[in-house]
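*Asks:* Line by line, the protein sequences are chains A and L.
Mapping the first sequence onto my numbering, position 23 (from 1) lands on 23, and the numbers just tick up by one.
Mapping the second sequence onto my numbering, position 175 (from 1) lands on 175, and the numbers just tick up by one.
Keep in mind that the hints were calculated from the coordinates and are not lab data.
Quantities reported herein were computed from a predicted structural model and do not represent experimental measurements.
Even for Gly, the Cβ is constructed at its ideal location relative to N, Cα and C.
It is possible that some hints are incorrect.
[To be verified] Simulated DEER-style distance windows between Cβ atoms:
(1) A/Val125 with L/Gly73: 53 to 59 Å
(2) A/Phe196 with L/Glu118: 53 to 59 Å
(3) A/Pro226 with L/Gly24: 47 to 53 Å
(4) L/Ala267 with A/Met180: 49 to 55 Å
(5) A/Val176 with L/Ile26: 22 to 28 Å
(6) A/Ser2 with L/Arg178: 49 to 55 Å
(7) L/Val201 with A/Ser2: 39 to 45 Å
(8) A/Gly183 with L/Arg63: 33 to 39 Å
Spelled out, the chains give:
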Amino acid sequence: MSVVFRMQLRRLIRGRKLRLGAVSCALVVFAVVAARYASERDVGADRSIELASEAIAEGFSWGFFKLLAFLLPFLFTSAAISEEVENRTFSYLAARPIGRFAIALGKFGAGAVLAVGLIVSSGLVLHIVGYATEPSAMFEAFPETLRTLGALSLLTVFYCAICMLWGALTPDASGVIAGMYLGILEFCCSFLPGYFRCVSMNYVARQIAGYEPKGLLPETAPEIAPVIGVSVILGLTLFVVFFACLAVRGSEYRFAKA
Amino acid sequence: MTDSTGTGEHEVSIRAVRLSKWYGRIAALQDVSLHLGPGVWGLLGPNGSGKTTFLQLAAGQLRPALGEILVCGERPFGNPKALRRIGLCPEADALYDELTGLEFVSLMAELSGFSKKEAVERAASSLDAFGLVDAKDRRIGGYSRGMRQRAKLAQCVVHDPDVILLDEPLTGTDPASRHRILEEVKRRAEAGAVVLFSTHVLPEIEALTDRVLLIARGQLVAQGHMHEIRGLLEEHPHHVRVYCPEPRKLAALVLDVEGIVAVSFAAGAVELMTYDPEATYQIVAEKVVEHGLEIESITSPDANLEALFHYLVERSTAGAGTGMDAGVGRARGGSAHAPPAAAVAQGAAPGGYQPQATPGGSSS
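Using the sequences plus the hints, can you model the full thing?
*Replies:* This is how it looks when you write it as structure tokens:
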């Protein structure tokens, strides 16, 4: 598995997708930082800290939870299997005595590590640059940022698993189906009222990070304890990864079309 | 390389028993039975005949729909024990363009179970064997077509497999590379490996081996030695098409000529079926001169391997309804011009036309 992991990581690092992901992260961080400093004109220190905190929280909420957490897993894992099938390179891996579980896990691992790495590093940059003018607040707010980054990492890994599963099940249309799943069940459902929004792990992750519910009738949205939220996302991730591995293991992937 | 002398699970062989594979409603391979032992075997067939499907089944990439395929006594699909002994060079010009040649081949060796250090050593040696040592640190994306082909071959043999499956490996290679590839393949076959070499180009096989399997429309239509295949080419009826303004007049003149077995008409042409095309050309020329006819052109649309496949498939179709092996659709030598006894189409046949494709009967 480690060989597939290394191989996939190397390919991703040398490919365009990493550059695209890095540029997206940089744009999000730049936009949040620009908004944070644009609003700070002749205000006192307390107000400045307040503005920084608000800007960073909104930046994480929209830029990370609602954008990067979807984009990066989609970039790095949705095509991990389907691209190989389409390019006909999967036969090199399938002809080796490593077992298809290892192929799927190695590819999932590489995509997840890269996505989480980019999210966490961008989050840290945002935190440092956002609080650059208020060093004391930077240290005080750090645990909160870490909690947010932990929730984001968990969510990113789950989305990687989802993208991997759809890529393994439907290599011909992995991007479309993974995109629809994430768009409808994860993005749209996270705004629904009441318990409906529990369908979305995005909402659960935001609860873990300690964000207030927003969207339709936010007061009806249930509160989820962090321990329960973490357990649910972890459990689902393991479940989805297992099914993705099963899909890769059993499929012939139409190596030789008639 | 594993010892190949014994039988059972350590035997170096490919054995197919009534192997069939469908893609939806399309039969890609039908009822193929064979047993291949060490040495080079040519797998000949026109495009779309089922060669790649057979190789993919042998490489464990596909599961048989019916029947069984065993490589070194093991079913290959999802079986690491069997896959460890198989090397596959796929037909598609598909490689990991982001990796260097050395990285690609060494990673493939690592995937076959070698340590990182040993994998790098093996990869360097394998790339050297195919003349890629100078380009080993360049990205594969920058390789020429021939270099890519050799990189595919290097990964195929990097783990010293007992069974080497080569799907059109000479595509895009220059004469020097071709020579090097053929030498390496021969060397490995002499060391005891089973090499199954798929192509639709007859001379490629002739340079490498005398033993060939002919596959067409998913069926193994013949199996034998190269000179026998050549014999089949000469013995099957040829079509000679003569384009002329008065095809019916010309047809009437050649109808009673010895050697011409059938006459038919195409648009603006008369088509003659003959076992001796050279003599037919001569006779047509004589008749034309003698009777003052005009001709536009004379062609022989099927004087090649493709035509032989077509001929064998037609024979197999004709034989399928006789009751002897109906439903199996095997080729047989029922015609007056049956191939020689040693050149074998599958299935029982009159006139001493015996099959060699039975398991165990053709491997060594």
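*Asks:* Determine for every hint whether it applies to the structure shown.
*Replies:* We went through each hint and held it up to the structure:
A hinted range of 53 to 59 Å for the beta carbons of A/Val125 and L/Gly73 is consistent with their spacing of about 58 Å. Between A/Phe196 and L/Glu118 the Cβ separation comes to about 56 Å, which falls inside the hinted range of 53 to 59 Å. Restraint check, A/Pro226 to L/Gly24: a C-beta distance of roughly 50 Å satisfies the suggested window 47 to 53 Å. Separated by about 54 Å at the C-beta atoms, L/Ala267 and A/Met180 satisfy the suggested range of 49 to 55 Å.
Between A/Val176 and L/Ile26 the beta carbon distance is about 26 Å. The supplied range of 22 to 28 Å therefore holds. The hint said 49 to 55 Å for the Cβ distance between A/Ser2 and L/Arg178, and at roughly 37 Å that hint is violated. At about 41 Å, the CB distance of L/Val201 to A/Ser2 agrees with the hint of 39 to 45 Å. In this structure, A/Gly183 and L/Arg63 meet the distance hint of 33 to 39 Å, their C-beta atoms being roughly 35 Å apart.
The structure is inconsistent with hint 6 alone, although it conforms to all the rest.
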